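Please arrange chain R on chain X, whose structure you already have, making use of the hints.
Residue numbers (this note's numbering), protein chains in the order written: chain X, 67 to 498; chain R, 942 to 1092.
Rather than coming from a laboratory, the hints here were simulated on the basis of the structure.
Some residues of chain R that are not near chain X, with every Cβ distance over 12 Å (derived):
(1) Arg968
(2) Ala970
(3) Asp973
(4) Leu974
(5) Gly992
(6) Gly1004
(7) Pro1006
(8) His1011
(9) Leu1015
(10) Arg1022
(11) Pro1051
(12) Ala1079
(13) Arg1089
Derived DEER-like restraints, expressed as beta-carbon distance ranges:
(14) R:Ala975 x X:Ala467: 40 to 50 Å
(15) X:Gly409 x R:Pro1023: 52 to 62 Å
(16) R:Pro1006 x X:Gly409: 48 to 58 Å
(17) R:Thr943 x X:Asp286: 42 to 52 Å
(18) R:Leu1024 x X:Asp96: 38 to 48 Å
(19) R:Asp1047 x X:Pro396: 32 to 42 Å
(20) X:Asp436 x R:Pro1051: 44 to 54 Å
(21) X:Gly361 x R:Ala1017: 42 to 52 Å
(22) X:Arg294 x R:Arg1089: 54 to 64 Å
(23) R:Ala975 x X:Glu122: 22 to 32 Å
(24) X:Arg198 x R:Thr943: 25 to 35 Å
(25) R:Arg1089 x X:Pro396: 37 to 47 Å
(26) X:Asp286 x R:Ala1075: 45 to 55 Å
(27) X:Glu393 x R:Asp1062: 46 to 56 Å
Note that the coordinates shown come from a computational prediction; the quantities given were computed from them, not determined experimentally. Glycine is no exception: its CB is placed at the ideal position from the N, C-alpha and C atoms.
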Amino acid sequence: MRETQGRVLDVAALARVEGEGAMRVRIDGDTVVGVELDIYEPPRFFEALLRGRGYEEPPDITARICGICPVAYQMSSSLAIEQICGVTVDGQLAALRRLLYCGEWIESHALHIYLLHAPDFLGYDGGIAMARDHRDIVERGLRLKQVGNRLMELVGGRAVHPVNVRVGGFYRLPDLDALRAMVPDLQWACGAALDTVSWVAGFDIPDHRGEWDLVSLAGDGEYPIMGRRIVTSASPDVVPVEEFGSHAVEEHVAHSNALHASWDSRTYLVGPLARYSLNQHLLPPVAREAASAAGLGSECRNPFASIVVRAVELLAACTEALRLVREYEPPAAAAVPVVPRAGVGHGASEAPRGLLYHRYELDERGIVLDATIVPPTSQNQRAIERDLWQVAQAGVSLDDAALTARCEQAIRNYDPCISCATHDLDLRIVRA
Amino acid sequence: MTPLVVGVGNRVRRDDGVGPEVADRVRAARPDLAVVELSGDASTMIELWAGRDVVVVDAVRTGAPVGTCHRWRLGAEGWDRPLPPSRLSSHLIGVREAIDLATALDRLPPVLVVVGVEVVDLGVGPGLSDPVAAAVDAAVELVLESVRSAG
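Bound-form chain R, shown alone:
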């Protein structure tokens, strides 16, 4: 089964829309992939990802410079580096919470990659801030590369 790409975020909360924006670009570049957009409750992912490799892209705030693209990968040996603490994501049941929930329920996908883009502006309205918009290309490349290695 082809890997699933999930763009998480709200397009009318400025930089929070980076997940869906990257998802759009990935969909255009690779129409063969399953690409979905989620806003609100990320626990829905647990149903979507049953039995397939998954790449999730989301806005993050870890303290790194705005526009930094991060990647965390879960494979057979576990995570390649520790996930940041909860509140990595800005969502209610965010990506980190969904991952923790899936871990508790033994429902993680075989391969899970989280691509996070460091954001700054989470105000109301459409459009990404300049440094985040400038990071979209790199984030798309990171997602595509992750898909290639996952698939």
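Extracted from the complex, chain X is given alone in its bound form:
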């Protein structure tokens, strides 16, 4: 060990993480004494912005929180408001929603796997350097992403910030011929996603076990994307989404602008590892077989293996999208009529990064009196910090550059969407 007394090191900002924030690892001698993740949280601003707005506005307004997962915000908010208004969106309209959401999963997972996360395993600084040596592979990733974008454009009206979603359904139905014309692309995507699973399964994945509970929506006969029941690894009990707030408690911690969440007072994780571990029996057979061939068991608690789980979910989303497009028959109307009424509603869906919860209170005119938004990354912050502590301690003898790289990779395991918009994460290792 070199002398580190009094040393404070600034290292490069953390790239390839969505959003903005700061992370500080403090080391005293050979011991990690602190890990602090400090992020900014647009949802707090949006909660304030939503108060006083009409009941039809939250899907459009909250979609702007994140340029990567606007559909998740649209769906969780729509589900909450529909609950208040006593509306159920089912049949082909629900199928179209699932199709749109599959587009977002495909787009987001392909981006993360190919351009953000794989370079860590292959020894590149980023996706661009990797593209120079692995052009065909990066082209495959971009084309997969494009298939997701195209689905979002056809169903959502626009690939970025879909404008066609409304409370009760859609403003207009997608063009049937254009949707059916997606079949060859989706067939290609299923094959490419299967190849993706094989590709990432061959990476040298460090052994690691995260010590946290897992929380996700429960699938209702299919892998969960939207739903009203929550399952956890800590208890066999199924929790109705209405009770989310009595289990998930957010509290301020001194070092962060963001709230830190716990589930029944315990650290927990949402996202691909949780979804897979709690629902893998509901994956389409081809994805389940691919997971098994890739060496994933019935549970996966290794965050470094999240790239494999994401690839399995990418395959599941492509398979689901192909099925939904083939089975689609235009419903009679693009939306179910929604008449506002006073009450409280809860909505949850599985954003690519994990469970996204919305709660709204409306008055009898449909004006938003109160809004609560709990995004996946804020739920995962405590788990990420805990994991970083373990990873930093295990690598404490590395030099600062190597330790920083290891920590960055560990953070990217979670695909955190730190402010869902812009900028860099400033990562510092401070040796006292």
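Relative to the frame of chain X, chain R by itself:
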């Protein structure tokens, strides 16, 4: 094919919304142009720009005075001046990263112009800071002029 104008940025991150704001103004001035707005992942541009001339407008931080409008142009002879280092843009796969990726994959458009507006406030909320709002006219003019020379 008419040139494509891409406004990159997030309208609820203050000055980061300058790209979309300029795109709105360009769309109003030239309804005949293809104008798109992108927030989040700029690698999507690589698909959008296949086979057409492109003008991209984005928020930048190069250290120049706030409100400064920059322009970089890629033509047959390469870039007219070097692009600033990565992190020119504030985005994850930002404009610079998308350009580098397209370069690595031989998928750059024939003509590519990047118009950058020097920004200061990237906090949460709508609306541009005064010096950036004051630069919008000049940025729109720069985009329109670039479109004329590209087209």
